[in-house]
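Asker: Sequence:
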Amino acid sequence: MLTVNENKTIKKVRPPGRPKKTIRRSDFLMVRLTPTEKILIEGRAKNAGLKPSEWFRRAAKNARVFPRFTPEESGWFRMLAGVANNLNQLTHLAHVAGLFTLAMKCQNILKQVDELITKLSSHDG
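One point on numbering: in UniProt numbering, the residue at position 52 of the sequence shown is 52, and numbering is uninterrupted.
Take the hints with a grain of salt, since some may be wrong.
[Claimed, not checked] Keeping only pairs whose Cα atoms sit at most 20 Å apart, straight-line, the calculated PhoX-like set for lysine-lysine is:
1) K21 <-> K38
2) K51 <-> K21
3) K61 <-> K38
4) K61 <-> K46
5) K51 <-> K61
To be clear, the hints were calculated from the coordinates, so they are not data collected in a lab.
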């Protein structure tokens with residue numbers, strides 16, 4: 001906005017009020033905390049010279065969260081549980097029908113268990 005004085009000089013007039021923010025935070029995310037967690041966050045924010053909300057935003061942006069297991073690893077665990085179930089059934093059958101009749105089946109299951117455990121241990125890194 002421009003105004004002209006008596007001396008014919010042009011002076012820029014600012015609009016009244018606080019300038020508008022370029023980035024406006026309009027969304028909310030509610031988080032429930034225990035009193036201990038709240039005190040901890042407020043203390044860390046104070047030490048950093050920030051408001052708790054700003055400290056929390058920065059901490060959330062920099063946080064690295066890893067999934068506990070990948071879908072592939074979860075599948076392996078399900079397979080391992082199934083194999084363990086089969087082994088229990090074979091053990092019960094061995095008590096009923098005799099041990100020598102089930103030797104080959106047990107060896108196949110043990111090979112499967114060994115392969116799954118090898119796969120799981122190689123993906124720990």
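Asker: Confirm or reject each hint.
Answerer: Results of checking the hints against the structure:
Between K21 and K38 the CA atoms are separated by roughly 28 Å; this puts the pair beyond 20 Å, and the hint is violated. Pair hint K51 plus K21 holds up; C-alpha atoms about 18 Å apart against a cutoff of 20 Å. Restraint check: the Cα-Cα separation between K61 and K38 comes to about 19 Å, which is no more than 20 Å; the hinted pair holds. With a C-alpha separation of about 19 Å, the suggested pair K61 and K46 falls inside the 20 Å cut-off, and the hint holds.
A distance of roughly 16 Å separates the Cα atoms of K51 and K61; the hinted pair therefore holds under the 20 Å criterion.
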